[in-house]
Each structure stands twice: as C-alpha cells, then as structure tokens.
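> If you want the building blocks of each chain, they are given just below.
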Amino acid sequence: NAGVTQTPKFQVLKTGQSMTLQCAQDMNHEYMSWYRQDPGMGLRLIHYSVGAGITDQGEVPNGYNVSRSTTEDFPLRLLSAAPSQTSVYFCASSREADSSYNEQFFGPGTRLTVL
Amino acid sequence: SQQGEEDPQALSIQEGENATMNCSYKTSINNLQWYRQNSGRGLVHLILIRSNEREKHSGRLRVTLDTSKKSSSLLITASRAADTASYFCATDRRGGGNKLTFGTGTQLKVEL
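In the order they appear, the protein sequences are chains L and Z. First residue of the first sequence? That's 1 in our numbering, and the numbers climb one at a time after it. First residue of the second sequence? That's 1 in our numbering, and the numbers climb one at a time after it.
Hint data in this document are derived by calculation from the structure and do not stem from the laboratory. Treat the hints with care, since some could be wrong.
Claimed, not checked - Just some of the chain L residues that point at chain Z, by a computed CB distance under 8 Å:
1) Y64
2) Y101
3) E103
4) P108
5) G109
The beta carbon of each residue, even a glycine, is placed where N, CA and C say it ideally should be.
One chain only, chain Z, in its complex shape (with noise of 0.2 Å):
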C-alpha cells in the first residue's frame, strides 16, 4: 500500500501563480522527501524535510511538515512553465528500515 498519497492528482495553473501539493502519510517517519519527474525522465531530488522541522525552503520552494497530522505540502511560488512536471512525495516508515515509499504524484501544469 502506498505511504504517501498526493493531491491533487493533477493542478493546471498560469505561470506567474503559486502551486501547492499536498501529502498524506499513515506512519511515523524520519524524514519527508520532494521529488520532481519531467515527462520520461527519471525522478530529481527537491528537498528533504526531518521530522523535527516545520518549514524549510529551497529558492522558490516552501514545504511544511505537520506530524501530528501526518502531512507535508510543497509550495511553488511564482510557477514557470519549466516547472510542468510531476511531483512525488516520499517518506520512510520509522522502524521500517531502509526503504523509501513514494507517493502516486501529483501532474502540475503551468501554462504561458
């Protein structure tokens, strides 16, 4: 079963507008990771989020962590067309050992 589940499953936006994906997670974690796929491509790494961090940025990248809830969000802000591309979440599962489970993604759209 999937750790993480993306929404929305797919966003359309113009560029200039902020993008926010959202995760869910049902298990205590470690860390939270953001990863990017373009069309075709293999996945890029974004941000890493421990579990004792609420916020963290990266450029034009905001995400949040909330444990208690068991969720993070990944903010985009002023999108650009270069940003179109899917984006995964991806946690562990404390105690779980050393694997990684990914979410379904969410396909993020931005037009000109």
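Looking at chain L on its own, in the form it has when it is part of the complex (with noise of 0.2 Å):
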C-alpha cells in the first residue's frame, strides 16, 4: 500500500491564482481531511470527509473548497489564492468515520507560497 499521497510537494503561487492539492489514498478509509500548518500554530483543519459524497467544514475552511466523488480522493480547491494562505498541507486519512477514536494517517505534505 502506498498509503497516502499528495501532489504536489511544492508549488508556488501568484496572488489570485486558482489551483487543486491532490490527496489519495489506497486503504479504504472512509474518513479523510485537510490540515494546515503554520508555525507556531499546530495543525488546523480546513474540511473533512466521513464518506465519498459527504464533506463537511472544519476549523478554518474559509477560501477552500472540497469534494469527495470517491473514497479513494479527497482533493482541495483554493479558489483564489491570498498570501494568508501561505502554510503546508496535509491530509490525512482513518479507518472509520469517527477521526477521534481511530489513529490518523497523514500524507508527506504539501508547502505551498502565495507571493
């Protein structure tokens, strides 16, 4: 199992740009979302899904999009791309819909700079 991955590792961005982080994963987990990163701030979550068709927003979604056509992709649209936005993402996937009660499995990240 390649577990789960995301494309691209890096990418660079102008002000205003729209572009899609592409996440996948080969375990059938019904449960998967988007994370930033920022430092000194943890971990936020920008949306999650508990099943193919089912998304839901998390703590900072605003200036994201999200779909889940299928169990296997999870991919995240920024619509316009702002500075702010600046940060690593992650995905992550678990097992079962309930995230708090099953271990996380997370992709390698993906830096993105807004200039």
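Using the hints, put the two standalone chains together into the complex.
Given below as structure tokens:
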C-alpha cells in the first residue's frame, strides 16, 4: 500500500491564482481530512469527509473547497490564492468515520507559497 | 482557538534520559491522541488513550490522562537521537462532531 499520497510536494502561486491539491489513499478509509500547518499554530482542520459524497467544514474553511466523489480521492481547491494561504498542507485519513477513535494516517505534505 | 496546548514548547535532553511532555485541553473529550512529526514529514500516530483510561503504555512510551485536570503527559523513556522530533497531542470535543484539534507541539531534541 502506498498509504496517503499528496501532489504536488511544492507549489508557488501568484495572488489570485487557483489550484487543486491532490490527495489519495489506497487503504479504503472512510474518513479523510485536510489540515494546514503554520509555524507556532499546530495543525488546523480545513475540511473533512466521512465518506464519498459527504464533506463538512473544519476550523478554517474559508477560501477552500473540497469534494469527495470517490472513497480514494479528496482534492482541496484554492479558489483565489492569497498570501495568508502560504502554509504546509497535510491530508490525512482514518479507517472509520469517527476520527476521534481512530489513528489518522498522514500524507507527506504540500508546501505552498503564495506571492 | 487551540484545544490542546503542549508544554514545554522545546525540550533538549541527552540520549538515555527520559523526556516528558504535557498537554492541556479545555473541554471534555472522548479520546486523546499523541503524534510525532519528524522535520519536513507528515505526522505519525503514536498512541490513543480513551477518556476512561488513566494510563497506557506502548514500548518506551507511557501516556497518562487526568480528565479532572484536563491534561495528559507523554513520557519517552531511555530516549534516542532518533526520537528527535515534534510531538503533538490531538483531542476531540465531546459533542463537537468529527473533528480532531491539534496542539502547538513540543520540539524534542535528543543529543548524543
């Protein structure tokens, strides 16, 4: 199993550009989530999904969209990039829908810089 | 706002010593998890402790949970240079839905 994969590893955008961060898992996990990690802030939940076709907002959802058309994929879309979205983005998945009772498996991260 | 706050923010010890990190949280929880992050990498799950448990062991790791004080501690015994990493606690909020909240982390450096 490849686990949780993320592409790209690095990305530089200009303010106002849009892009999609890709996340895929091959473990048939129900729960998938996106976090951003900023210095001194820990990880903050952006959006999450408890199954195909079901998504919900996390702590910092503004400026981001998600969809979950398949169990495997959970892309994160930046609609109009802003410098405040410069961060490291992590995708994670867990076996069952209740994330609090299950360990989360993290991808390697995408380092995004918005100029 | 952060549900979990770790302290100390940074910890430097010698190989072979024990390392203790603490996590405090604000609201009632179902479970608390600890994760490790090596520099530039994703997080790796270490251990989960349920709200009705007081102590749990996994190899050189010992986790305690005191729900009356809303705090947890992670003890790494006989530390090794490979334990150098950041350590995060993650909590849910009872009744708060399917969301984990991570603390700001403790940076541990184990020197030879």
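> State for each hint whether it applies.
Now the hints, each set against the structure:
1. Y64: 15 Å, violated
2. Y101: 6 Å, holds
3. E103: Nearest chain Z Cβ about 4 Å off; hint holds.
4. P108: It holds, given that the least Cβ distance between L/P108 and chain Z is near 5 Å, below 8 Å.
5. G109: Constraint on L/G109 satisfied, holds at 6 Å.
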